[in-house]
Amino acid sequence: MTEAVDAAAAATNQDPRVGLRAVAALRRLVERLEALQVDIAREHGWSWEEIGKALGVSKQAVHKKHGRRR
Amino acid sequence: MFERFTRGARQVVVRGQEEARSFGHSWVGTEHLLLGVLAQPDARGVSALIDLGVTLDTGRAALMQIVGRAGLGDSDAAALRTLGIDLDDVRHRVEAAFGPGALDHPPRRRPPQWLRLRRARCEPAYRPGHLPFMPRAKRALERSRREAVDFGDRHIGVEHILLGLLDPKGNTAVDLLRHLGADTRALRARVLDRVGRAA
Numbered sequence: 027m028t029e030a031v032d033a034a035a036a037a038t039n040q041d042p043r044v045g046l047r048a049v050a051a052l053r054r055l056v057e058r059l060e061a062l063q064v065d066i067a068r069e070h071g072w073s074w075e076e077i078g079k080a081l082g083v084s085k086q087a088v089h090k091k092h093g094r095r096r
Numbered sequence: 013m014f015e016r017f018t019r020g021a022r023q024v025v026v027r028g029q030e031e032a033r034s035f036g037h038s039w040v041g042t043e044h045l046l047l048g049v050l051a052q053p054d055a056r057g058v059s060a061l062i063d064l065g066v067t068l069d070t071g072r073a074a075l076m077q078i079v080g081r082a083g084l085g086d087s088d089a090a091a092l093r094t095l096g097i098d099l100d101d102v103r104h105r106v107e108a109a110f111g112p113g114a115l116d117h118p119p120r121r122r123p124p125q126w127l128r129l130r131r132a133r134c135e136p137a138y139r140p141g142h143l144p145f146m147p148r149a150k151r152a153l154e155r156s157r158r159e160a161v162d163f164g165d166r167h168i169g170v171e172h173i174l175l176g177l178l179d180p181k182g183n184t185a186v187d188l189l190r191h192l193g194a195d196t197r198a199l200r201a202r203v204l205d206r207v208g209r210a211a
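First to last, the sequence lines map onto chains D and V. Numbers 27 to 96, taken from our numbering, label the letters of the first sequence in order. Numbers 13 to 211, taken from our numbering, label the letters of the second sequence in order.
Calculated from the structure, these hints are not laboratory results. These numbers come from a predicted model, not from an experiment. Glycine included, every Cβ here is placed at the ideal spot set by N, Cα and C.
Just a sample of chain V residues kept apart from chain D, beta carbon distances all over 10 Å, derived:
#1 14
#2 15
#3 16
#4 62
#5 77
#6 78
#7 144
#8 154
#9 161
#10 165
#11 166
#12 167
#13 187
#14 191
#15 192
Below are the DSSO-like pairs computed for lysine-lysine, each with C-alpha atoms no more than 30 Å apart in a straight line:
#16 D:91 x D:79
#17 D:79 x D:90
#18 V:150 x D:90
#19 V:181 x V:150
#20 V:150 x D:91
Please model the entire structure based on the sequences and the hints provided.
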């Protein structure tokens, strides 16, 4: 854990290229996890409104982003 | 488009689709077609790549690094490690909950029945497993057709596809080759040399 904290501290202080790359990777990971969870919620019969509420965005936003995905 | 393709050239396209799918990608790009070419090391002109150390294995590894599996590759894993996030651990947890490949292969929702029926009616050739070609992959195939015409060849073979992929305007296959240290202009000359054409 301390190792991870050290690494995080290093990344936040270091070369912006390293930090920005980490942010980009994190964003991709978040996108994948969001897509996965939204699909599962839909399979469980959740409405777009409920999903939006859980994600902290409007139902329109979540539907626009995930509604057409297959 | 594919009528004049040789059996080997068709195999490149089929293999490209398979490679794309194995990476969890939802498209066929020039990078996947290049892997399709590399899957036929004995085809005309391909030895020029093999000699430079560009093989199916090194090609796949390079693709993993530059594009990654469904957007999350080795370089993403390295970047996330700097934040103390172990991507393999995340993948492991997600797969434990939702099954193998859950993180890398977005679960494809089955299209509604009306859409499936309409597709079946309007597009007889539509197959659910068929991945679309990216514009630059289409461009590469068009370039390969022109290469064949320029050589006065009646058929489009693996060597023409390979030359078509070496697009001076750039594409992911070119990026992948550069990543492996291959200079695409020099490579074109070598391929032409192997197939017995002057550069």
